[in-house]
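Enquirer: Read off the chains here:
There are 2 protein chains.
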Amino acid sequence: MEQFVPRQKLWLEHGGKLVMSDYRLRLLQLIAETGSLAQAANAMGLSYRRAWGKVKELEANLGMQLVQSEVGGAGGGHTALSPEARELVAAYGRFLERMTAALNQAYAEELGTLASAPAERAPR
Amino acid sequence: MEQFVPRQKLWLEHGGKLVMSDYRLRLLQLIAETGSLAQAANAMGLSYRRAWGKVKELEANLGMQLVQSEVGGAGGGHTALSPEARELVAAYGRFLERMTAALNQAYAEELGTLASAPAERAPR
Numbered sequence: 001m002e003q004f005v006p007r008q009k010l011w012l013e014h015g016g017k018l019v020m021s022d023y024r025l026r027l028l029q030l031i032a033e034t035g036s037l038a039q040a041a042n043a044m045g046l047s048y049r050r051a052w053g054k055v056k057e058l059e060a061n062l063g064m065q066l067v068q069s070e071v072g073g074a075g076g077g078h079t080a081l082s083p084e085a086r087e088l089v090a091a092y093g094r095f096l097e098r099m100t101a102a103l104n105q106a107y108a109e110e111l112g113t114l115a116s117a118p119a120e121r122a123p124r
Numbered sequence: 001m002e003q004f005v006p007r008q009k010l011w012l013e014h015g016g017k018l019v020m021s022d023y024r025l026r027l028l029q030l031i032a033e034t035g036s037l038a039q040a041a042n043a044m045g046l047s048y049r050r051a052w053g054k055v056k057e058l059e060a061n062l063g064m065q066l067v068q069s070e071v072g073g074a075g076g077g078h079t080a081l082s083p084e085a086r087e088l089v090a091a092y093g094r095f096l097e098r099m100t101a102a103l104n105q106a107y108a109e110e111l112g113t114l115a116s117a118p119a120e121r122a123p124r
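If you read the sequences in order, they're chains D and X.
Under this note's numbering, the residues of the first sequence are numbered 1 to 124, in order.
Under this note's numbering, the residues of the second sequence are numbered 1 to 124, in order.
Treat the hints as calculated values from the structure; they're not laboratory data.
Heads up, a few of these hints could be off.
Mimicking SDA-like on lysine to any residue, the simulated pairs with C-alpha atoms at most 25 angstroms apart in a straight line are [stated by the list, open to error]:
{"id": "1", "chain 1": "X", "residue 1": "LYS56", "chain 2": "X", "residue 2": "LEU96"}
{"id": "2", "chain 1": "X", "residue 1": "LYS17", "chain 2": "X", "residue 2": "ALA91"}
{"id": "3", "chain 1": "D", "residue 1": "LYS9", "chain 2": "X", "residue 2": "ALA101"}
{"id": "4", "chain 1": "X", "residue 1": "LYS54", "chain 2": "D", "residue 2": "ARG7"}
{"id": "5", "chain 1": "D", "residue 1": "LYS17", "chain 2": "X", "residue 2": "ARG94"}
{"id": "6", "chain 1": "D", "residue 1": "LYS54", "chain 2": "D", "residue 2": "TRP11"}
{"id": "7", "chain 1": "X", "residue 1": "LYS9", "chain 2": "D", "residue 2": "TYR48"}
{"id": "8", "chain 1": "D", "residue 1": "LYS9", "chain 2": "X", "residue 2": "MET44"}
{"id": "9", "chain 1": "X", "residue 1": "LYS9", "chain 2": "X", "residue 2": "GLY93"}
{"id": "10", "chain 1": "X", "residue 1": "LYS9", "chain 2": "D", "residue 2": "SER47"}
{"id": "11", "chain 1": "X", "residue 1": "LYS9", "chain 2": "D", "residue 2": "GLU13"}
{"id": "12", "chain 1": "D", "residue 1": "LYS17", "chain 2": "X", "residue 2": "PRO6"}
{"id": "13", "chain 1": "X", "residue 1": "LYS17", "chain 2": "D", "residue 2": "GLU13"}
{"id": "14", "chain 1": "D", "residue 1": "LYS9", "chain 2": "X", "residue 2": "LEU18"}
{"id": "15", "chain 1": "D", "residue 1": "LYS17", "chain 2": "X", "residue 2": "ALA101"}
{"id": "16", "chain 1": "X", "residue 1": "LYS54", "chain 2": "D", "residue 2": "PRO6"}
{"id": "17", "chain 1": "X", "residue 1": "LYS9", "chain 2": "D", "residue 2": "GLN68"}
{"id": "18", "chain 1": "X", "residue 1": "LYS17", "chain 2": "D", "residue 2": "ASP22"}
{"id": "19", "chain 1": "X", "residue 1": "LYS9", "chain 2": "D", "residue 2": "LEU114"}
{"id": "20", "chain 1": "D", "residue 1": "LYS9", "chain 2": "D", "residue 2": "MET64"}
{"id": "21", "chain 1": "D", "residue 1": "LYS56", "chain 2": "X", "residue 2": "THR113"}
{"id": "22", "chain 1": "D", "residue 1": "LYS9", "chain 2": "X", "residue 2": "GLY15"}
{"id": "23", "chain 1": "X", "residue 1": "LYS9", "chain 2": "D", "residue 2": "GLU110"}
{"id": "24", "chain 1": "X", "residue 1": "LYS54", "chain 2": "D", "residue 2": "GLN3"}
{"id": "25", "chain 1": "D", "residue 1": "LYS9", "chain 2": "X", "residue 2": "SER47"}
{"id": "26", "chain 1": "D", "residue 1": "LYS56", "chain 2": "X", "residue 2": "HIS14"}
{"id": "27", "chain 1": "X", "residue 1": "LYS54", "chain 2": "D", "residue 2": "GLN8"}
{"id": "28", "chain 1": "D", "residue 1": "LYS17", "chain 2": "X", "residue 2": "LYS9"}
{"id": "29", "chain 1": "X", "residue 1": "LYS54", "chain 2": "D", "residue 2": "LYS54"}
{"id": "30", "chain 1": "X", "residue 1": "LYS9", "chain 2": "D", "residue 2": "GLN3"}
{"id": "31", "chain 1": "D", "residue 1": "LYS9", "chain 2": "X", "residue 2": "ARG98"}
{"id": "32", "chain 1": "X", "residue 1": "LYS17", "chain 2": "X", "residue 2": "GLU109"}
{"id": "33", "chain 1": "D", "residue 1": "LYS9", "chain 2": "X", "residue 2": "THR100"}
{"id": "34", "chain 1": "X", "residue 1": "LYS9", "chain 2": "D", "residue 2": "ARG26"}
{"id": "35", "chain 1": "D", "residue 1": "LYS9", "chain 2": "X", "residue 2": "PRO83"}
{"id": "36", "chain 1": "X", "residue 1": "LYS9", "chain 2": "D", "residue 2": "GLY15"}
{"id": "37", "chain 1": "D", "residue 1": "LYS9", "chain 2": "X", "residue 2": "PRO6"}
{"id": "38", "chain 1": "D", "residue 1": "LYS9", "chain 2": "X", "residue 2": "ARG49"}
Please read these numbers as outputs of a predicted model, since none were measured by experiment.
The task is simple: from the sequences and hints, build the whole structure.
Expert: Okay, structure coming up:
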């Protein structure tokens with residue numbers, strides 16, 4: 001038998017509602033990177049209205065302000081993550097990194113040897 | 001903000017196909033516990049035919065024999081897990097336990113303090 005590939009999906013719930021996931025993290029990261037909700041929406045293939053709705057829904061479910069918008073000025077409006085959102089994105093990123101490491105280690109130690117065992121036992 | 005609840009879904013793929021999941025583990029565990037594919041199917045709300053199809057599909061995707069059937073005898077037929085399947089079920093169970101522990105630890109250390117921070121910072 002060849003090796004298996006371990007897979008995991010992680011998310012956070014709050015009050016029974018989904019408040020963080022790969023998708024939501026990506027949206028927040030893109031807002032932080034581009035400084036623009038319009039560009040973040042575009043990069044995810046979402047309309048501006050839909051991306052805005054996602055952010056507002058997430059803010060309501062988290063009970064936390066996620067974005068700070070500045071209208072106008074040179075070059076038009078700018079959207080930045082709030083300090084709490086930056087902290088959440090960074091912490092969730094560290095959480096994901098640790099869980100990826102844990103996945104690989106638990107797989108290697110519990111299942112990796114099993115997956116390779118039949119080949120080792122095969123007649124030569 | 002109240003605490004978040006970290007959630008995790010785990011599975012194994014092999015050759016791009018799903019070969020282990022909570023659902024598949026439960027089916028194999030029920031076969032082992034009841035010694036009967038019919039009882040295992042019933043407990044999962046599956047028809048016997050569908051449960052049998054699931055087992056055969058899983059065997060094909062894993063390249064491993066999972067069940068051993070003995071027809072007839074006192075009390076009728078009996079279905080048991082193969083030695084390899086018992087080993088896989090046990091190893092996957094240990095893998096899940098470790099990942100649950102890892103989830104709780106990574107959450108507590110990376111996100112648990114963040115989630116409780118706003119309340120600590122709230123005015124008294």
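Enquirer: Does each hint hold? Answer for all of them.
Expert: Going through the hints against the structure:
Restraint check for LYS56(X) and LEU96(X): the C-alpha separation of about 24 angstroms stays at or below 25 angstroms, so the hint holds. A C-alpha spacing of about 19 angstroms is found between LYS17(X) and ALA91(X), which places the hinted pair at or below 25 angstroms, so the restraint holds. For the proposed pair LYS9(D) and ALA101(X), the alpha carbon gap of about 16 angstroms is at most 25 angstroms, so the pair holds. About 20 angstroms separates the Cα atoms of LYS54(X) and ARG7(D), which keeps this hinted pair within 25 angstroms; it holds.
About 29 angstroms separates the Cα atoms of LYS17(D) and ARG94(X), which puts this hinted pair outside 25 angstroms; it is violated. At roughly 16 angstroms between alpha-carbon atoms, LYS54(D) and TRP11(D) fall within 25 angstroms of each other, so this suggested pair holds. Only pairs whose Cα atoms come within 25 angstroms are accepted, and LYS9(X) paired with TYR48(D) is rejected, the gap being roughly 31 angstroms. Under the criterion of a C-alpha separation no larger than 25 angstroms, the hint pairing LYS9(D) with MET44(X) is consistent with the structure, at around 24 angstroms.
Only pairs whose Cα atoms come within 25 angstroms are accepted, and LYS9(X) paired with GLY93(X) is accepted, the gap being roughly 14 angstroms. Note on LYS9(X) and SER47(D): the hinted pairing is violated, with a Cα-Cα distance of about 29 angstroms set against a maximum of 25 angstroms. With a CA separation close to 13 angstroms, the supplied pair LYS9(X) and GLU13(D) stays within the 25 angstroms bound. At most 25 angstroms may separate the alpha-carbon atoms for a hinted pair to count; LYS17(D) and PRO6(X) meet this at roughly 11 angstroms.
Under the criterion of a C-alpha separation no larger than 25 angstroms, the hint pairing LYS17(X) with GLU13(D) is inconsistent with the structure, at around 28 angstroms. About 14 angstroms separates the Cα atoms of LYS9(D) and LEU18(X), which keeps this hinted pair within 25 angstroms; it holds. For the proposed pair LYS17(D) and ALA101(X), the alpha carbon gap of about 23 angstroms is at most 25 angstroms, so the pair holds. Between LYS54(X) and PRO6(D) the CA atoms are separated by roughly 20 angstroms; this keeps the pair inside 25 angstroms, and the hint holds.
A C-alpha spacing of about 33 angstroms is found between LYS9(X) and GLN68(D), which places the hinted pair above 25 angstroms, so the restraint is violated. Proposed proximity of LYS17(X) and ASP22(D) is supported: the alpha carbons are some 22 angstroms apart, at most 25 angstroms. This hinted pair checks out: LYS9(X) and LEU114(D) have alpha carbons roughly 21 angstroms apart, not beyond 25 angstroms. The straight-line distance between the Cα atoms of LYS9(D) and MET64(D) is roughly 24 angstroms, inside the 25 angstroms bound, and the hint therefore holds.
At roughly 24 angstroms between alpha-carbon atoms, LYS56(D) and THR113(X) fall within 25 angstroms of each other, so this suggested pair holds. Taken as a hint, the LYS9(D) and GLY15(X) pair is honoured in the structure, with Cα atoms around 19 angstroms apart against an allowance of 25 angstroms. For the proposed pair LYS9(X) and GLU110(D), the alpha carbon gap of about 17 angstroms is at most 25 angstroms, so the pair holds. Proposed proximity of LYS54(X) and GLN3(D) is supported: the alpha carbons are some 21 angstroms apart, at most 25 angstroms.
Taken as a hint, the LYS9(D) and SER47(X) pair is broken in the structure, with Cα atoms around 29 angstroms apart against an allowance of 25 angstroms. At roughly 39 angstroms between alpha-carbon atoms, LYS56(D) and HIS14(X) are farther apart than 25 angstroms, so this suggested pair is violated. A distance of roughly 22 angstroms separates the Cα atoms of LYS54(X) and GLN8(D); the hinted pair therefore holds under the 25 angstroms criterion. For the hint linking LYS17(D) to LYS9(X), the alpha-carbon distance of about 16 angstroms falls within 25 angstroms, and the restraint holds.
For the hint linking LYS54(X) to LYS54(D), the alpha-carbon distance of about 38 angstroms lies beyond 25 angstroms, and the restraint is violated. Between LYS9(X) and GLN3(D) the CA atoms are separated by roughly 20 angstroms; this keeps the pair inside 25 angstroms, and the hint holds. Restraint check: the Cα-Cα separation between LYS9(D) and ARG98(X) comes to about 15 angstroms, which is no more than 25 angstroms; the hinted pair holds. Between LYS17(X) and GLU109(X) the CA atoms are separated by roughly 34 angstroms; this puts the pair beyond 25 angstroms, and the hint is violated.
For a cut-off of 25 angstroms, the pair hint linking LYS9(D) to THR100(X) stands: about 13 angstroms separates their Cα positions. For the given pair, LYS9(X) sits about 19 angstroms from ARG26(D) by alpha-carbon distance, which is consistent with the 25 angstroms threshold. Using a Cα cut-off of 25 angstroms, the hinted pair LYS9(D) and PRO83(X) is violated, with the two alpha carbons roughly 30 angstroms apart. A distance of roughly 19 angstroms separates the Cα atoms of LYS9(X) and GLY15(D); the hinted pair therefore holds under the 25 angstroms criterion.
Between LYS9(D) and PRO6(X), the direct Cα distance comes to roughly 11 angstroms. Compliance with the 25 angstroms bound is thereby established for this hinted pair. Using a Cα cut-off of 25 angstroms, the hinted pair LYS9(D) and ARG49(X) is violated, with the two alpha carbons roughly 31 angstroms apart.
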